[in-house]
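> Those letters in the sequence shown? Residues 1 to 123, by full-length UniProt numbering.
Hints in this document: simulated from the structure, not taken from any laboratory.
Cut-off 27 Å, straight-line C-alpha distance, at most; resulting in silico cross-link-like pairs (BS3-like, lysine-lysine): (1) 91 x 17; (2) 107 x 117; (3) 107 x 120.
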Amino acid sequence: TMMLDILMDYCYLRDFKFSRLDGSMSYSEREENMHQFNTDPEVFLFLVSTRAGGLGINLTAADTVIIYDSDWNPQSDLQAQDRCHRIGQTKPVVVYRLVTANTIDQKIVERAAAKRKLEKLII
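Let the hints inform the model, and build the full structure from the sequences given.
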């Protein structure tokens with residue numbers, strides 16, 4: 001959630017209206033924030049940590065996913081993307097993955113891609 005805090009501070013600085021979901025929130029807070037994002041056109045950002053979101057997150061108002069902290073498990077990142085690919089989604093969804101060259105992030109993305117490729121060969 002530390003990175004979410006940094007992103008949240010930036011949103012406040014830029015006066016962006018946003019919703020947030022992290023592991024410290026109660027179920028009702030999570031539901032309220034998802035509802036706000038999906039129904040309020042002024043809320044154009046939804047900050048969510050990949051692991052805190054889990055299942056049951058429906059973000060059909062989103063058409064862009066930015067993954068800034070790729071996971072070793074490619075299924076976690078796919079789940080994050082799938083939050084926008086839900087019944088009711090009317091717009092094409094674009095996914096951006098932020099990766100800095102020659103860092104552990106690059107290694108994580110490479111390993112996850114290799115796992116995904118192996119998974120496709122098996123299935």
